[in-house]
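Asks: Sequence:
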Amino acid sequence: MIMRTAFLTAMFLLSGQAAFTADLGNRFESFEAMHATPFGSLFFVEGVVHDWDIPSQPRFVLIQGEGQINLPVQQGGYCFAFNHYLSTGTLSVSRTYRARIRKTPAKGSTRLDLFSGEYIPTPDIASSAVPSLCINGIADVRLIEILFNSERTKDFNRAISFQIGSTTPP
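All letters in the sequence shown, in the order written, are residues -21 to -1, 1 to 149 by mature numbering (1 follows the signal peptide of the UniProt record, and there is no 0).
One or more hints might be untrue.
As the list claims (entries may be wrong) - Cβ pair distances, simulated, as ranges: (1) 71 to 118: 36 to 42 Å; (2) 17 to 121: 31 to 37 Å; (3) 119 to 66: 42 to 48 Å; (4) 121 to 32: 36 to 42 Å; (5) 43 to 9: 17 to 23 Å; (6) 108 to 2: 37 to 43 Å; (7) 144 to 12: 28 to 34 Å; (8) 88 to 51: 23 to 29 Å; (9) 88 to 34: 19 to 25 Å; (10) 52 to 104: 30 to 36 Å; (11) 43 to 119: 25 to 31 Å; (12) 133 to 55: 29 to 35 Å.
What the hints assert, rightly or not - Calculated cross-link-like contacts (lysine to aspartate or glutamate; reagent style EDC-like; alpha-carbon spacing at most 20 Å): (13) 86 to 119; (14) 82 to 92; (15) 86 to 32.
No lab work stands behind these hints, which were simulated from the structure alone. Note that the Cβ used here is the ideal one computed from N, Cα and C, for glycine as well.
Given only the sequences and the hints, what does the whole structure look like? Please build it.
Replies: Next comes the structure, spelled out in structure tokens:
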């Protein structure tokens, strides 16, 4: 696992090139349906650019695998969410998830943003308090690379990237 994390970190933060391809999978229109996927599943939240809009517009598209992914063009930003539902053995212990976000502009210097958020695994299949990451400030950005990780579980460890402006709807 350490070698995999080191490889993915090097791939995304040093080279700027994705060596793998991720795919968009099934769509889920409710929190109950989204939470029926395995714990730690990563979703693109279609049509949403701010985390406060996720509960009212739950349009989750499963991201399968890691690497370069084709996302639809969206104005203002992109949001992602993780499935944090566990039906049994859930402890009400807050956990931290993190993301390194690399934004490569069409011109100029690449910017690295760091994100950290808290979540509690939930036994509530309808919970709308999903761990999420929304990326805004994408004017003049051509490529976004994200390296996700979490403490106490490797289920949130994922690396994806996507181009802006030349993508097609899922």
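Asks: Against each hint, give a clear statement of whether it holds in the structure.
Replies: Hints versus structure:
1. 71 to 118: 36 to 42 Å: holds (40 Å)
2. 17 to 121: 31 to 37 Å: holds (32 Å)
3. 119 to 66: 42 to 48 Å: Cβ of residue 119 to Cβ of residue 66: about 44 Å, so the range 42 to 48 Å holds.
4. 121 to 32: 36 to 42 Å: violated (25 Å)
5. 43 to 9: 17 to 23 Å: holds (20 Å)
6. 108 to 2: 37 to 43 Å: violated (27 Å)
7. 144 to 12: 28 to 34 Å: For residue 12 against residue 144, whose Cβ atoms are near 31 Å apart, the range 28 to 34 Å holds.
8. 88 to 51: 23 to 29 Å: holds (27 Å)
9. 88 to 34: 19 to 25 Å: About 36 Å separates the Cβ atoms of residue 88 and residue 34, which means 19 to 25 Å is violated.
10. 52 to 104: 30 to 36 Å: At roughly 32 Å between Cβ atoms, residue 104 and residue 52 fall inside 30 to 36 Å, so the hint holds.
11. 43 to 119: 25 to 31 Å: holds (30 Å)
12. 133 to 55: 29 to 35 Å: Given range 29 to 35 Å: holds, Cβ gap about 32 Å.
13. 86 to 119: Judged against 20 Å, a Cα distance of about 8 Å means the pair holds.
14. 82 to 92: With a Cα-Cα distance of about 8 Å, the restraint between residue 82 and residue 92 holds, given a limit of 20 Å.
15. 86 to 32: It is violated: about 31 Å lies between the C-alpha atoms, which goes past 20 Å.
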